[in-house]
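Engineer: Residue strings, one per chain:
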Amino acid sequence: MIRHTISWLALAIVAGTGLFLVKHEVQDLEDRLAALDDKIAKDRETIHVLRAEWAYLTQPDRLSRLAGRHLNLKPPAAGQIADSIDKLPPPKDAPPADDGAQKPTFATMKAAE
Amino acid sequence: MTGLSRPFAAPCGPTGVARHTIDRARTRILVAGAAFLVAFLAITARLGDLALIERDTGSRIARGTPGDTYTGARADITDRNGVLLATSLATASLFGDARLVPNPEEAAKKLATVLPDIDRKVIAERLASGRGFVWIKRNLTPRQEYAVNALGIPGLDFKREDRRVYPMGTLAAHVLGFTDLDGHGISGVEMSLDNQVHKRGETAALSIDVRVQNVLTEALRQAMADFNAIGAAGLVLDVRNGEILAMTSLPGFDPNRLNEAKKENLFNRATLGVYEMGSTFKIFTAAMALDYGTATLAKSYDATKPIQISRFTINDYHAERRWLSVPEIFEVSSNIGAARMAIEVGPQRQHDFLARVGLLKPSPVELPENGAPLVPNPWKDINTMTIGFGHGISVTPLQLATAAAGIVNDGVMVSPTILKRAPGETVIGTRVVSQRTSLEMRKLFRLVVSDGTGKNADAKGYLVGGKTGTAEKTEGRHYARHALLSSFLGVFPINQPRYLVLAMLDEPHGNKKTHGYATGGWVAAPAVKQVIERIAPMLDVMPIGPAPEIDRALKIETADKTPGGRKVASN
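Just so you know, the protein sequences line up as chains L and B, in that order.
Following numbering that gives the first Met the number 0, the numbering of the first sequence begins with 0 at its first residue and continues without gaps.
Following numbering that gives the first Met the number 0, the numbering of the second sequence begins with 0 at its first residue and continues without gaps.
Treat the hints as calculated values from the structure; they're not laboratory data.
Don't be surprised by glycine CBs; every beta carbon is placed ideally from N, CA and C.
Any given hint could turn out to be false.
To be verified - In silico contact screen, one side only, chain B against chain L (beta carbon under 10 Å); selected entries: (1) Leu88; (2) Met167; (3) Val426; (4) Gly428; (5) Gly515.
Claimed, not checked - Which bits of chain L does chain B cover? Going by a derived footprint, with three or more residues having C-beta under 8 Å, they are: (6) 2-12; (7) 68-78.
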């Protein structure tokens with residue numbers, strides 16, 4: 000009889016301790032979750048602000064102003080656009096297609112196909 | 000149990016009553032034990048269920064993801080490619096508890112040193128008012144917030160507020176509109192989508208493409224400067240589904256700096272302004288005459304002399320003084336010819352036709368700034384004639400573009416929209432003219448650009464078709480000869496129309512390059528050409544080389560034309 004009582008008591012203590020530990024662990028996890036949620040919200044807000052800033056910095060007229068200042072490019076004319084490589088005219092300084100020693104160009108690459 | 004006097008399992012040996020009692024007690028214990036067993040089993044099962052078996056419950060998802068946006072914030076507005084056009088950012092707003100501010104004068108003076116745009120006197124008065132809550136300045140920058148904190152004035156505090164910002168600045172400002180300080184939309188899309196953006200928090204994608212918008216705005220701004228115009232408006236419309244890819248009204252404004260904007264610049268000329276469009280209206284005269292069958296492309300009208308009707312004289316800008324065929328009327332933009340064509344159709348049928356293409360009632364576009372057309376009443380013969388060449392009726396540029404898009408889009412007109420349509424969405428339009436009429440109109444459009452008044456819009460490779468328009472603005476009861484409204488309506492590629500570009504300049508003045516002309520063909524057509532050349536590659540319209548078969552398909556067979564004998568008017 001007494002043995003039974005002791006073993007039940009031991010079981011109860013083990014269960015109680017286990018429950019206590021698990022509870023603490025859950026609490027820790029919950030704290031971490033809350034902290035992470037907080038951080039996610041902050042990060043989202045930061046991303047939000049950065050997106051606005053990105054949009055602001057990529058205003059088309061600002062980009063074209065910068066491109067005008069720093070790049071040697073201008074909008075393409077209709078004659079400079081082709082929808083397939085076959086429609087490209089051969090480059091003016093294209094080497095003869097059979098000259099294998101030359102650096103490959105579009106023309107030589109095409110010829111090699 | 001029955002009590003201590005009769006202990007459980009009495010040693011004296013069970014007999015009679017005692018035995019009965021013991022049996023009863025056992026049964027009771029058994030029943031109680033069974034009940035506890037069931038309860039413990041249930042708890043065990045539930046524990047196992049919670050601890051061991053993983054499943055996605057709704058509540059876990061809801062708790063695990065904090066809201067995408069802050070509460071109460073308006074959602075973003077983006078263009079069709081997801082470029083941010085309007086968003087809300089958290090800022091600090093400064094308020095004071097006037098009961099706690101010890102020295103209002105001193106505090107206002109200090110505040111003015113870090114917030115240069117506040118009025119010192121007003122702030123001092125507010126802080127001396129004794130009220131518990133007075134605004135000092137809303138939406139401070141982080142730097143200002145820091146500076147105010149550093150002043151250390153008691154009784155001041157910050158309230159977190161959302162401020163609407165428009166990262167693209169003046170670009171598409173009229174379309175977007177703006178909100179009041181409390182975040183309610185009071186114009187443009189901000190107003191018409193208030194429910195969607197504010198309450199439901201859904202990001203709204205507009206049909207606008209910022210790249211196209213920028214090209215259009217730049218071209219119009221340049222044209223406005225070149226020709227010294229007082230204003231300009233323009234739009235780019237997808238003729239197949241009615242999406243407005245760009246819409247500009249100049250001079251513009253910056254919605255981030257509303258208090259610096261001139262009031263008249265807030266006016267959206269493209270949707271709110273109604274104008275007598277002039278010759279671009281001949282599109283509808285020709286389409287209607289061809290569709291009702293009162294005219295064919297081979298028919299000619301007498302344009303030998305001006306038409307006298309009541310006290311009006313209808314004349315041509317560059318009079319040809321001869322009979323003109325329908326293509327010629329369109330090509331040289333003859334008012335006399337258009338008037339004769341219109342009167343042949345008659346007032347009633349003209350009225351019905353214009354109603355069908357949506358020119359007699361406000362446009363169905365989702366913008367609060369939507370001008371109602373000015374329509375003559377009663378609609379007499381003289382009105383029919385003047386409307387034939389675009390005078391005596393005022394419509395918004397958007398209405399004009401929508402109706403013209405319907406005529407070139409195989410005769411099917413769709414409602415214009417400022418919202419992005421879902422890809423693959425089937426758009427149901429209404430048939431306004433027959434396919435045959437549409438094809439004939441496209442040929443006329445091409446003729447204007449290849450040989451007529453719209454040559455300056457001929458963007459090589461993109462098969463532009465269009466119609467010029469020059470209207471004299473009314474001043475009081477008279478038409479002002481030198482205050483013009485010059486426009487060009489272009490469609491490309493005209494063999495399979497995809498996009499319509501409309502440019503309109505308010506009171507342009509000719510310059511040396513245009514030989515002094517300020518008509519649509521000289522001032523608006525080049526802007527449209529420039530726009531088409533820039534936007535076509537963005538919109539996946541490939542330029543084509545010389546294509547004789549397409550040219551032939553768009554050619555109009557005319558009986559006897561005397562080449563060289565024709566002079567092209569620029570009206």
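Engineer: To test your reading of the hints: which numbers does this structure violate?
Structural biologist: Per hint list: 3, 4, 5, 6 violated.
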